[in-house]
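Protein chains in written order, with the numbering used here: chain A, 1171 to 1958; chain B, 3 to 144.
Read the hints as simulated data drawn from the structure, not as lab findings.
Be aware that a few hints might be false.
What the hints assert, rightly or not - Among the chain A residues that face chain B by a calculated CB cut under 8 angstroms, a handful are: (1) Gly-1802; (2) Ala-1806; (3) Val-1825; (4) Ser-1833; (5) Ile-1859; (6) Ile-1891; (7) His-1918; (8) Thr-1933.
For every residue, glycine included, the Cβ atom is placed at its ideal position computed from N, Cα and C.
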Amino acid sequence: MDSFTAITLAVFLPFILAGILPVVEKLLKNRIGWYAAAVAFLSLVLVAQVAPTVIHGESIQGSITWIPSLGIDLSFYGDGLSVMFGIIVSTIGIIIMSYSNGYMSKREDLPRYYQQLLFFMGSMLGMVFSANLIQLFIFWELTSITSFMLIGYWRNRPMSVYGATKSLLITATGGLFMLAGFLVLHAITGTFDIPTILHSESMIEFIKGHELFLLALILIFIGAASKSAQGPFYVWLPNAMEAPTPVSAFLHSATMVKAGIYLVARIHPIFSGTDAWFILVSGVGIITMIMAGFLAFRQTDIKGILAYSTISQLAYLMTMYGYTTLHHPGIGVAAATFHLLNHATFKASLFLVAGIVAHETATRDITKMGGLRKEMPITFILATIGALAMAGIPPLNGFLSKEMFYEASYEMGHLLGGPFTYLIPALAVLGGVLTFAYSIKLIDGIFLGKRPSHGLPEHIHDPGWTMIVPTAFLAVLIILFGLVPSIPSHYIVQPAVESILLEPVDLHVQLWHGFTPALMMTIATFILGILIYTRYDSIAAWQNRFNSRHPMLSVNYLYDATVNNAKNVTFGFSSRMQPGNIKTYVIALLLLMIALFMIPVVFLTADIIPSTLNFDIPLYEGILFLFMIIAGLGAALLPRYVPAIISLSGLGYLVSLLFIYLSAPDLALTQILVETLSTIIFLLAIVKIPQKFREHVTPAVLTRDLLIASAVALTVFVLLINATQGIVAFESLSHYFIENSLPLAGGHNIVNVIIVDFRGYDTLGEISVLCLAAFGVYNLIHSRGEEE
Amino acid sequence: MNNTLLSLTIAILFGIGTFLVLRRDILRIIIGLSVLSHAVNLLIVSTGAFAGTRVPIITEDGGHGASEATGTIFNDVLAENTLAPITAAGHTVNFVDPLVQALVLTAIVISLAVTAFILILAYRIYEEYGTTDINELRRLWG
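With these hints in hand, go ahead and build the complete structure from the sequences.
The structure is reproduced here in structure tokens:
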């Protein structure tokens, strides 16, 4: 199988195999989680097929024509970065699907759950392998939508609905900004194809010099920041914790929230090396890193702590990808890419531990827990490995990438010089200190100390192997990556870094690398971290006090106010636009029609009433017209139904008479038949409807309706007078029918030939309408019979 | 046929139909729709008929439409990018435009179907709610 086919299958198989899940459920019952895990495994195998090519520093590419006129193809591109993401997504996918077997109750709607997870996995794989910006955007929004559905999985919980809506509003809006950025990029380069831009140095130079450079960068970065919960957009992620915990582990820590990071890494070669890139990406990153790390203290929900920690960790990655100077475009790329991989392992494992704890203790409130190490020894060990990796304790993988982060920060600070020499490393250490503190809090709060006397179930124990094994697998990875960093760095990280920097790199990651500044920073982190941790609870209490004193100083307040206002405004708008009274709609439509017809006539025609009007009139015509008007007025004014209908019927016969004058014998015949029939139907209906209601028309209503009716009449008159002045803008179709009626269809009556031959399908449609009406009439009458 | 007065008649029928559609009684509205459909049909057919035109039926005595040298119903000079009168000077018009007639023929039949359907609907509404006043119905539906 060639690489392109493998990637296409890896992306689309989850969608297809998710589609048949309801059928599979019939066979496997509540074991379909294993089926879903198998699908994820299949994707992993397919992605791994591509890996050998990519490790050698090559990229693969292929496309299927989709919308050639817009330059949009279904095209996939696989390089080190995409393959790394592909491996993370499918591996974590296997772990999550297996774990869900134990976590999700059998009473849940399992097919829907796994279907959405698989849809998400396919979308995520599609996104990272997209070679086309528009295709990337489509998959990007698909991940937002699947995330929305999964956060709102428990549809009857108000907080789930709130969290789902919030995440969709923020990430999808950000996605639209990103799309706008892509369009700006297209305006600059003329292509949507990512590899074309990446592999052309001249094009990248041109983009950097272009006046729209900053606009494109800001728009795309808003998309990335909203998806990765950076800056003010972070607010959706804590509320997304309403999702089932495996979903949080999968989407909201390990993969989907890294889509923004992926985007930043993907566009790194295009935009980095400029001041704007550093200020925007690293600036937002550093602020978010410290703010989110600080806010994590206040959280009492385990998943809340993890959510803020995820925001903070993603901000690390942003910061590192943002480190750039003109001559050193990618200072933090290696560190960021390695940390991205490590974060996926330890954060997912911590979420899975949180899921286990919540599953066994029926609470997620850390203040109600403590001393669980004796009852859940295995969980305790797994949690400790994850938390220590996050805190950056050697020899775990988090230590390595945090060292690299410090090293990059130190280098960046020194390259910038001035106050930045110490400021940037100091801020990096501050971020690390906060991370250290809440990581310790997780272990201490849940497992150490004394078991609270009440609030927890009496018998708490480690869960079954379906939940332990996937978590343990991640813990093994954490230790393995820490002890033997050459494995991940050589096979996964190095190709990814090469594809971001677009040049060969030699990546060496070692546990021990001497007394470097980074090691000093790490030691400082541990000391300060322990100091801060002793004050942990008082800091949290201060935050709570501050928050209750200044409730308006929060992004959530702004979001809620905006959304609630929007609800009120749109409700007011729609209740004004849709008053429900039919007459209002009719009047609005009529006035619109008058305006639409009259405006062009007034502006385009020299005389609204042409001077060539002909009022000479043969007597018989005058009589016919007069009778028609009288019959029409009779239908309108006669107070009783039956005379009005007879008058209407008279009007119909007069119309057929007029058709004869207009040289339309077929119409006259049809009109006579139809008029007869409809008069009969009218009279049949009238017999059953006694005339009880008599509208009392007030003078005001009468005046208004007469004005509208006159305006319509005037419009039609002006239109008709001008239309029959003989101005045609398009060639008439009638030539064809007149010329070909006899030779092609062998019919002398041209109208009949059109009806039954040239436009036979239209007539078929007409017959269908008659049929439908007949069915409708039958059913309406029939439904009455049932009720009686 | 006299176009100005024909147009006036059609316009008046439109006015009458509009006035009826704005009533509150469902049956008046249905009558109004019927009047309006008559008016629309006449409007369309009248745009294809001109003084001196014949019924669009090809007869054996040589009325062969465009193939005849006597002229065609339309003389479009769009190729020269100008708007031309439908009947160019010096051309005689043979046939009434058959296409508009075909359109209206379909319309007449469909309006019968629609009228029948909404009449039965009105009848059922009356049966269910005991009134034909749309304002009263709206109140009953809530």
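Per-residue hint verdict: A:Ile-1859, partner chain B, C-beta under 8 angstroms: Since chain B brings a Cβ to about 5 angstroms from A:Ile-1859, closer than 8 angstroms, the hint holds.
Residue hint A:Ile-1891, partner chain B, criterion CB-CB below 8 angstroms: Given a least distance of 5 angstroms, the restraint on A:Ile-1891 holds.
When the least beta-carbon distance from A:Thr-1933 to chain B is tested against 8 angstroms, hint result: Holds: closest Cβ of chain B sits about 7 angstroms from A:Thr-1933, inside 8 angstroms.
Chain B contact restraint for A:Ser-1833 - C-beta distance below 8 angstroms: 4 angstroms, holds
Restraint outcome when A:Val-1825 is required to lie within 8 angstroms of chain B by C-beta distance: A:Val-1825 check passes; min Cβ-Cβ to chain B is 5 angstroms, inside 8 angstroms.
Proposed interface contact between A:Gly-1802 and chain B, which counts if any beta carbon pair is under 8 angstroms: Holds. Min distance 4 angstroms.
Minimum beta-carbon distance criterion (8 angstroms), A:Ala-1806 to chain B: 5 angstroms, holds
Cut-off 8 angstroms, beta-carbon criterion: hint that A:His-1918 touches chain B: 5 angstroms, holds
The structure is consistent with each of the numbered hints, conforming to all of them.
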